[in-house]
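Asker: Single-letter residue listing:
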Amino acid sequence: MPTVNLNKWILQSMTGLSKEEISDYLFKLKSEVNEIDQDTISVEVNADRLDMLGLGGIVRALKGISGKEKGERKYSVNETEYVLEVGDVPSRPFALACVIYNVRLNPEFYLKELIQFQEKLHDTIGRRRKKVAIGIHDLKKVKGKIIKYINLPLSSTFVPLNQSREMSVAEVLKETEQGRIYGNISVRNGMTPAIVDVEGVLSIPPVINSERTRISGETTSLLIDVTGTNFDAVYQTLDLLSTNLAELGAEIGSVVVKGTKEFKSPLLNHVNVSANVSNINRRLGTDLDGGEIVRLIQKMRMDASLDGDEIRVIVPPYRVDIMTYADLAEDVAMAVGYDNFSLTQGSSQGLGTLSERSSFYRKLRSLLIGAQFQEIYTLVLMKSSYQLAGDYVKVENPISVDYDSVRNSLMWNVLLFLANNQHSRFPIRVFEIGETVKAKAESDTSYLNELRVSLGIMDSKVSYEGLQAPLHEVISNLTGRTPSYQAVEDKLFIKGRCANIYMEGQQIGILGEVSPEILSNYGVLYPVVLAELYLDKIMGMV
Amino acid sequence: MLSDSELKIISFLKSKKVATSDEISKETGLPLSTVFSNLALLESKGIVKVISDKKIQYISLTSEGESRLRDGMPEDKLLRLLNGNVGNLQELRSKMGSDFEIALGWAKRKGLVELNGEEIKPLVKDYSSPENTLLLKLRNGDSLNENEIQTLMKRKLVERKERRLVEVELTQDAVSKPQELYLTHEMLVSGSWRGKEFKPYNVEALPPFYPIGKSHYFRDFIEKVKDLMISLGFKEVVSDYVEMEFYNFDMLFQPQDHPAREIHDSFIVNGHGSLPNEELVRRVKDTHEKWWKYSWSEENAKRLVLRSQTTAVTARVLSKSPKNARVFTIGKVFRPDSIDATHLVEFHQMDGLVIEDEFTFRDLLSTLRDIFSGLGVKQIKFKPAYFPFTEPSVEVYGFVDPLGWVEMAGAGLLREEVTNPSGVYAPAGAWGIGIDRLAMLFLGVKDIRDLYSTNIEYLRSRRVV
Chain A
1 MPTVNLNKWI LQSMTGLSKE EISDYLFKLK SEVNEIDQDT ISVEVNADRL
51 DMLGLGGIVR ALKGISGKEK GERKYSVNET EYVLEVGDVP SRPFALACVI
101 YNVRLNPEFY LKELIQFQEK LHDTIGRRRK KVAIGIHDLK KVKGKIIKYI
151 NLPLSSTFVP LNQSREMSVA EVLKETEQGR IYGNISVRNG MTPAIVDVEG
201 VLSIPPVINS ERTRISGETT SLLIDVTGTN FDAVYQTLDL LSTNLAELGA
251 EIGSVVVKGT KEFKSPLLNH VNVSANVSNI NRRLGTDLDG GEIVRLIQKM
301 RMDASLDGDE IRVIVPPYRV DIMTYADLAE DVAMAVGYDN FSLTQGSSQG
351 LGTLSERSSF YRKLRSLLIG AQFQEIYTLV LMKSSYQLAG DYVKVENPIS
401 VDYDSVRNSL MWNVLLFLAN NQHSRFPIRV FEIGETVKAK AESDTSYLNE
451 LRVSLGIMDS KVSYEGLQAP LHEVISNLTG RTPSYQAVED KLFIKGRCAN
501 IYMEGQQIGI LGEVSPEILS NYGVLYPVVL AELYLDKIMG MV
Chain B
1 MLSDSELKII SFLKSKKVAT SDEISKETGL PLSTVFSNLA LLESKGIVKV
51 ISDKKIQYIS LTSEGESRLR DGMPEDKLLR LLNGNVGNLQ ELRSKMGSDF
101 EIALGWAKRK GLVELNGEEI KPLVKDYSSP ENTLLLKLRN GDSLNENEIQ
151 TLMKRKLVER KERRLVEVEL TQDAVSKPQE LYLTHEMLVS GSWRGKEFKP
201 YNVEALPPFY PIGKSHYFRD FIEKVKDLMI SLGFKEVVSD YVEMEFYNFD
251 MLFQPQDHPA REIHDSFIVN GHGSLPNEEL VRRVKDTHEK WWKYSWSEEN
301 AKRLVLRSQT TAVTARVLSK SPKNARVFTI GKVFRPDSID ATHLVEFHQM
351 DGLVIEDEFT FRDLLSTLRD IFSGLGVKQI KFKPAYFPFT EPSVEVYGFV
401 DPLGWVEMAG AGLLREEVTN PSGVYAPAGA WGIGIDRLAM LFLGVKDIRD
451 LYSTNIEYLR SRRVV
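Line order of the protein sequences matches chains A and B.
full-length UniProt numbering numbers the first residue of the first sequence as 1 and each following residue consecutively.
full-length UniProt numbering numbers the first residue of the second sequence as 1 and each following residue consecutively.
Among the hints, a few may not be true.
To be verified - The calculated lysine-lysine pairs, modelled on DSSO-like cross-linking and capped at a C-alpha distance of 30 Å, are:
1. A/Lys-112 - A/Lys-19
2. B/Lys-45 - B/Lys-8
3. A/Lys-440 - B/Lys-55
4. B/Lys-77 - A/Lys-8
5. B/Lys-332 - A/Lys-440
6. A/Lys-74 - B/Lys-293
7. B/Lys-446 - B/Lys-381
8. B/Lys-293 - A/Lys-261
9. A/Lys-261 - B/Lys-290
10. B/Lys-45 - A/Lys-537
11. A/Lys-537 - B/Lys-214
12. B/Lys-378 - A/Lys-383
13. A/Lys-461 - B/Lys-290
14. A/Lys-363 - B/Lys-214
15. B/Lys-285 - A/Lys-258
16. B/Lys-293 - A/Lys-258
17. B/Lys-302 - A/Lys-440
18. A/Lys-68 - A/Lys-148
19. A/Lys-264 - B/Lys-293
20. B/Lys-16 - A/Lys-130
21. A/Lys-363 - B/Lys-235
22. A/Lys-28 - B/Lys-378
23. A/Lys-130 - B/Lys-224
24. B/Lys-320 - A/Lys-28
25. A/Lys-74 - B/Lys-290
26. A/Lys-130 - A/Lys-19
27. B/Lys-381 - A/Lys-537
28. B/Lys-293 - A/Lys-148
29. A/Lys-19 - B/Lys-302
30. B/Lys-154 - B/Lys-121
31. A/Lys-68 - B/Lys-381
32. B/Lys-446 - A/Lys-383
33. B/Lys-154 - A/Lys-394
34. A/Lys-120 - B/Lys-290
35. A/Lys-120 - B/Lys-285
36. A/Lys-363 - B/Lys-332
37. A/Lys-130 - B/Lys-285
Unchecked claim - Where chain A lies over chain B, by a calculated footprint (3+ residues, C-beta under 8 Å):
38. 57-67
39. 203-216
Just so you know, the hints here were simulated from the structure itself, not pulled from any lab data.
In this text, all values refer to a predicted model and were calculated from it rather than measured experimentally.
Think of the CB as a built atom: it goes at the ideal place given N, C-alpha and C, for glycine as much as any other residue.
All chains, full assembly: derive it from the sequences and hints.
Answerer: Given below as structure tokens:
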């Protein structure tokens with residue numbers, strides 16, 4: 001979840017709320033507040049509420065839910081002479097811009113907050129600048145009124161932000177940190193997208209701005225450009241930025257965008273969403289009347305009106321998360337307060353049922369415990385070099401070789417467990433019931449889980465019979481059938497001391513004394529007798 | 001009650017009345033330390049009386065002394081090797097090894113050999129050192145005079161030691177009847193048990209280790225959660241670890257460029273799955289493209305991952321277009337996380353799903369209250385939240401002493417964008433609960449790795465709760 005840091009005193013004075021009230025109301029708006037130091041709080045914001053990634057949006061939402069203001073906060077837009085000419089930039093086709101007057105970036109907190117908001121938008125709706133990137137410039141340092149969005153060759157030069165010399169775009173991509181992180185997103189065929197004025201480059205989205213138009217505490221007006229690969233995300237980002245700055249007292253100026261079509265930006269797009277009073281009540285389990293629902297939606301800073309049973313909501317440009325009536329229902333629920341829902345007494349549905357696997361392995365589990373085995377429970381992911389036989393599922397992007405594959409047998413887990421307990425009190429008699437994964441099976445993913453059990457005994461002396469005897473009793477009690485044993489050679493076991501276990505002509509498991517080679521592979525210095533049963537097969541028979 | 005050792009000592013004393021600890025140890029075969037501790041016990045029971053208890057000095061072989069007694073003194077060996085002839089220094093050194101320098105030193109000091117360059121010339125033909133004679137004397141139990149002792153001490157062959165010697169006397173005839181170790185079937189058949197006494201055991205001693213069969217404490221917790229869900233009317237469903245992104249993400253309305261779908265957030269498995277019926281796929285595609293405004297790719301949906309959420313099981317249930325459902329699943333999910341006391345690359349989630357005609361958000365909150373109250377969390381609160389596939393969404397916080405409010409579950413009513421493509425039109429509530437963290441809170445486990453402990457003594461030591 002994104003976290004934003006805010007100045008506590010500024011937030012309190014802008015909303016007229018106490019520290020505790022702010023904390024409580026933000027909790028009701030999905031956000032958690034933590035105190036960083038005596039001046040700063042951090043607010044965890046949910047990824048859907050992009051407007052609340054900035055101070056303006058938080059203030060607007062708090063004023064609504066605390067009842068100080070209601071309905072949509074509308075911001076006036078002044079026309080300006082600025083023009084954005086959008087050229088053909090195939091790797092990043094969409095661009096919009098606006099200007100902002102009377103912006104407050106002093107004291108430093110305001111400047112930092114704006115940059116923080118920009119970065120949070122980059123990370124969320126911007127998908128780490130792939131989908132959307134934002135450039136913010138000091139308007140007074142921009143030359144002329146015609147701004148262009150074009151493709152430039154990588155040899156074009158400018159002074160990038162925080163640099164003192166002129167560099168080519170190619171150099172910027174190679175030598176600056178920003179260039180290395182974002183450089184490969186939109187460069188195609190030796191060309192980079194660029195925002196330019198008559199004097200040259202203002203920014204090369206999504207990488208970096210120019211030093212020339214850097215913003216500072218003295219800045220009072222801004223040019224904001226937003227570029228990206230998805231038009232909706234681009235206009236929503238500009239709507240969010242401009243409305244949040246306007247909430248803090250700035251004025252929005254429009255820019256004429258000239259491309260395949262001509263229009264003004266920001267769009268400040270409004271969407272009509274309607275819902276039924278009964279739909280909302282049915283979804284929430286409430287009994288609210290239409291007027292009450294309208295009032296609650298207004299608290300969430302949207303305009304709403306009632307027409308019979310229908311509630312008509314005009315979603316403002318800063319609430320890009322509202323898509324359907326379900327989203328409105330959630331806002332109504334939040335305005336009511338989740339803790340104000342009167343909960344129903346548990347509706348009795350009778351008893352449910354366990355899965356076949358669970359009820360089967362529960363019986364097996366209690367039999368094995370009765371046979372004096374200790375249950376163990378280990379991890380499904382394991383080091384592939386321990387899987388000594390059979391196909392297994394490899395993890396393509398492991399974080400460590402210790403967990404680079406999915407177990408295909410539980411015998412590996414039991415052997416590893418025994419290896420780890422050679423200094424414990426003997427005898428060690430253990431079992432694990434669990435799922436293994438079989439590769440290339442008949443299923444829509446070509447992989448299937450298989451339920452198995454593995455048992456092992458380690459002692460100063462062990463014998464085949466020492467495990468066969470309890471296992472035989474367990475299988476007979478579990479299935480009502482008598483298993484049979486057929487000698488087999490298997491590299492895991494000592495020759496002449498290994499058998500496949502059969503029932504109704506099908507192999508249901510394997511049993512034997514582990515060969516010294518295998519023991520030394522696992523670093524085990526005591527003899528071990530080991531077995532595994534294929535529970536899915538056994539379940540299929542009983 | 002007398003122990004085996006005590007009985008042995010008494011039976012020896014019966015033949016002798018007065019004896020020393022040395023004699024008792026020699027006759028009974030008990031080590032001296034056992035003799036002393038048992039004599040103390042017998043004295044406290046009034047069976048023996050201590051006549052004297054003193055420290056005596058004695059001469060004891062050092063480990064070097066023992067080896068010289070066994071193998072002979074080094075200078076004796078040297079002269080034996082020379083056998084009256086001149087010998088070569090290097091050859092003798094290689095024959096005798098580390099003893100050579102010692103042998104040569106003493107042989108020169110005793111005037112037994114002469115050294116000329118590399119040659120060693122014996123001055124006597126045969127030699128047996130007095131040290132050797134003294135060692136043999138000591139072994140035979142003969143006593144040595146002070147001069148002789150000094151000779152051996154100079155060469156660190158013996159040392160002076162002190163030990164305890166206790167003299168005791170039997171004061172009463174403690175035992176009268178013969179004792180039996182086991183009551184047998186034959187005794188019961190013949191009646192010969194009559195008139196017999198059975199040897200008392202030391203019943204207060206702690207027993208040897210006995211391995212019992214025991215269930216795993218974390219599995220017990222998981223089974224308890226299952227039982228709770230059954231009692232609330234839910235049916236358990238399961239599915240597999242390897243999952244298609246279609247069920248893990250796409251059906252749950254997570255757009256394909258969503259940050260949670262990036263490569264480092266789930267474990268990738270090689271291969272491609274095959275998508276379900278075309279109608280469902282088309283509807284999922286249309287929904288994504290309508291709301292998220294991008295071009296949805298079938299190839300991305302077919303990619304395989306180790307499921308990163310058990311909500312994938314919920315998606316599988318939905319894909320069967322049920323009219324009603326009241327199901328849950330508990331199982332492993334996998335995420336590439338760095339491993340520490342609170343994070344592992346795999347853990348359990350419990351996901352639930354209710355599809356019912358009149359199911360409301362309020363019913364969902366009530367169900368969650370029932371689940372947590374069944375788990376033993378009496379105080380909960382609800383926080384509005386965001387998940388791509390639910391609206392309204394809620395996080396459940398439970399109050400746990402001494403931690404305070406702890407986030408325990410995420411839940412919500414499934415969006416119609418999730419249910420409608422599968423042909424489910426009734427309201428549906430869903431939730432996911434992280435089971436490992438809950439188990440840690442309830443079971444007092446500080447490190448998540450202990451839930452999967454590979455230390456059997458830890459498992460043996462956990463009390464069953």
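Asker: Run the distance test for A/Lys-19 versus B/Lys-302: straight-line Cα separation, threshold 30 Å.
Answerer: Measuring from Cα to Cα gives roughly 49 Å; hence the hint is violated.
Asker: Quick one, are B/Lys-293 and A/Lys-261 close enough, alpha carbons at most 30 Å?
Answerer: Status holds; Cα separation ~20 Å.
Asker: Sort out whether B/Lys-290 lies within 30 Å of A/Lys-120, counting only the CA atoms.
Answerer: holds, 25 Å
Asker: What's the verdict on B/Lys-154 and A/Lys-394, does the C-alpha distance respect the 30 Å limit or exceed it?
Answerer: violated, 72 Å
Asker: Below or equal to 30 Å on CA atoms is what counts here, so check A/Lys-130 against B/Lys-285.
Answerer: Roughly 22 Å between the alpha carbons, so the hint for A/Lys-130 and B/Lys-285 holds.
Asker: Going straight from one Cα to the other, do A/Lys-112 and A/Lys-19 come out at no more than 30 Å?
Answerer: Roughly 22 Å separates the two Cα atoms, so the pair holds.
Asker: Would you check the hint for B/Lys-378 and A/Lys-383, treating anything up to 30 Å between C-alpha atoms as holding?
Answerer: violated, 41 Å
Asker: Checking one constraint from the list: CA of B/Lys-381 to CA of A/Lys-537, max 30 Å. Satisfied?
Answerer: Cα-Cα ~45 Å, so violated.
Asker: Check whether the Cα positions of A/Lys-261 and B/Lys-290 lie no farther apart than 30 Å.
Answerer: holds, 23 Å
Asker: Assess, step by step, whether the Cα of A/Lys-363 is no farther than 30 Å from the Cα of B/Lys-332, and give holds or violated.
Answerer: The given pair, whose Cα atoms are some 22 Å apart, holds under the 30 Å limit.
Asker: Run the distance test for A/Lys-28 versus B/Lys-378: straight-line Cα separation, threshold 30 Å.
Answerer: Holds: A/Lys-28 and B/Lys-378 sit about 21 Å apart, inside 30 Å.
Asker: Would the pair B/Lys-332 and A/Lys-440 pass a check requiring their Cα atoms to be no farther apart than 30 Å?
Answerer: holds, 21 Å
Consistency with the previously given hints fails for numbers 3, 4, 10, 12, 13, 15, 18, 20, 23, 24, 26, 27, 29, 33 and 38, ordered from lowest to highest.
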